[in-house]
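Peer 1: Below are the chains, spelled out letter by letter.
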Amino acid sequence: MALHERDLDFEGMNVHCWEGGSGFPIVMIHGSGPGASTLGNWRNVMAPLSARYKILAADLIGFGLSGRKPKEPYFDLALWTRQAQFLLNTLAPKGPAGIIAHSLSAYFAIKIALANEARVTKLLLTGPIGRPYKIGPEGIAVWTFPETRDQLKRVMEILIYDKSQITPEFLDNRMKVLGDPAYKDYFSKMFAGDKQRFVDACVIADADLKKLKCDVAIVHGRDDSATKLAETGLPLSRVIPKCDLYAVAHCGHGPALEQPAKFMTAAHNLFG
Amino acid sequence: MAIREVDYKLDGINVHAYAGGKGFPLLLLHGSGPGASSFGNWHAVMGPLAERYKILAGDLIGFGKSGQKKREPYFDIGLWMKEAQFLLEKVAPRGPVGVIGHSLSGFLTLRLAARNPRIVKVLVTGSLGAKYKIPNALVQGWTFPPSEAAFKKFYSQMVADTSLMTPQFLKDRMRVLNTGNYRDYFTKMFKGDKQKILDQCVLTPAELKKIKCEVLMVHGAQDRPVPFAAAAVPLADKLPQSDLVRLANCGHGPAMDRPKLFLELTRNFFG
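The listed protein sequences derive, respectively, from chains A and B.
So in my numbering the end of the first sequence lands on 285, straight run, no missing numbers.
So in my numbering the end of the second sequence lands on 262, straight run, no missing numbers.
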């Protein structure tokens, strides 16, 4: 199934999307981190998903090919939550619909599911944030702009279980994205200061998690050191009423990237 | 796909099994508990599995339609391992093979995998294998229920969806429990300190190291006799190659409470 690219206007900023397929509508939102984007996150699963569902995958404001905010703060949960709502409205004005969200974006996805409980009936989260935990050196490193190729390599070694994926070519491509001085400035400002407060800002209260009525699946790498299974995926699955958890072996922070077949198993089980 | 019943002899004891299908060979082994059997454990999934795989589901000696031991101990890991090995060779005399084991048989299955490198994939549900403090629900599961009411009370802790306990289901189970010397045999099988029985079902570090195959652990979020946090997580921690799936709205038996999902997971795992 061919995907096509589309640009949407959202609050005067450009939102770059990939859409395709037909069937149950699913919004897809990637995670954060230096150089994060729709393609970076979902490239291995967009085609198989669009073979069965109607997908709309968008770059968050400040990431990938989407626009940038004119003014700080660039880390803007309220803005991204509105963007997620906008994407849901664009794809499935009446619902029912699903959301697939990675890492930081689990926060918006849960918020949107709570605010649209009649419309969002399925939620798939990978390596999610959303629980209180003390950020470790790995979490700090992935929210820090890598100054050098070596620093980028270290970040990727944190995120990816299978280190053989981190080829010189892979690093060169990422460095090209990160080499843009404007991007460095923007990203550094987005995650400036104490990073614990970003984790704290994304905590969703148990009382709210318990209100989730939709079917939820969490796919979490057992070797994820950026968001740890025991600290986020597992406790979320205990609090959310209808939540299946897939703890995937030999997998770091990005199950859709590293274990696409297992990700697809969870997706098919959830979305039908 | 038609399932046929077969009988074998092992050390003079009858071993009853359900066979069917063709393709990649899969051995299925059920759990323990009052009235447990292959049929009880797998009846909802045997047919669909046989459409894709060559399956053999054996009743453990002392359970279902298999025979009984002549002399105690009736809880006999050594004998059940021998039976599992025997059935493994029946379903696949050589070459790659997969095994599905539930609860007590999850432990047997993992031990079998440690001994047979040709077992390339193991799927366990509600599996024993880790050391943990025995919960009351498992003490009850290894105690003969004196009445239908007592059985019903026990079994309502096993399933998340209590509507699975239909009058027919209860009647069938009670018939098993009231047959011949079942009560006496079952009581002797689990006599004494049940923590000590559970401690016999712990995989050793040396065994765990020998398990090189892919492992998929499927576990109910509401599993009371084998709790997810106390039993599944520590076992998964010792098997870093394993995927661990925790299912919502699911008690001790994923094949019973979530049969559709169980089948999807099985198909995706075994191919």
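What the hints contain is simulated information worked out from the structure, not anything from laboratory work.
Just so you know, not all the hints are guaranteed correct.
[Unchecked claim] Per the computed footprint, the stretches of chain B lying under chain A, defined by three or more beta-carbons under 8 Å from a beta-carbon of chain A, are:
#1 190 to 197
#2 226 to 240
[As the list claims (entries may be wrong)] Keeping only pairs whose Cα atoms sit at most 16 Å apart, straight-line, the calculated EDC-like set for lysine to aspartate or glutamate is:
#3 B/K0 x B/E63
#4 A/K84 x A/E18
#5 B/K229 x A/E130
#6 A/K124 x A/D221
#7 B/K229 x B/E205
#8 A/K255 x B/D152
All values reported here derive from a predicted model rather than from experimental measurement.
Ideal Cβ positions, reconstructed from N, Cα and C, are used throughout, including at glycine.
Peer 1: Indicate, hint by hint, whether the structure satisfies it.
Peer 2: Quick rundown of the hints versus the structure:
Closer than 8 Å: that is the beta-carbon criterion, and the stretch 190 to 197 of chain B has 0 residues meeting it against chain A, so the requirement of 3 is violated. Judged by the Cβ-Cβ criterion of 8 Å, the stretch 226 to 240 of chain B is covered by chain A as claimed, because 11 of its residues qualify and three suffice. Distance check on the hinted pair: B/K0 and B/E63 sit about 19 Å apart at the alpha-carbon level, beyond 16 Å; violated. The suggested pairing of A/K84 with A/E18 is violated, with an alpha-carbon distance near 27 Å, which exceeds 16 Å.
Taking the CA atoms of B/K229 and A/E130, the gap is about 39 Å. The hint is violated against a cut of 16 Å. The straight-line distance between the Cα atoms of A/K124 and A/D221 is roughly 9 Å, inside the 16 Å bound, and the hint therefore holds. A distance of roughly 13 Å separates the Cα atoms of B/K229 and B/E205; the hinted pair therefore holds under the 16 Å criterion. Our distance criterion of 16 Å between C-alpha atoms is met by A/K255 and B/D152, whose separation comes to about 14 Å.
Consistency with the previously given hints fails for numbers 1, 3, 4 and 5, ordered from lowest to highest.
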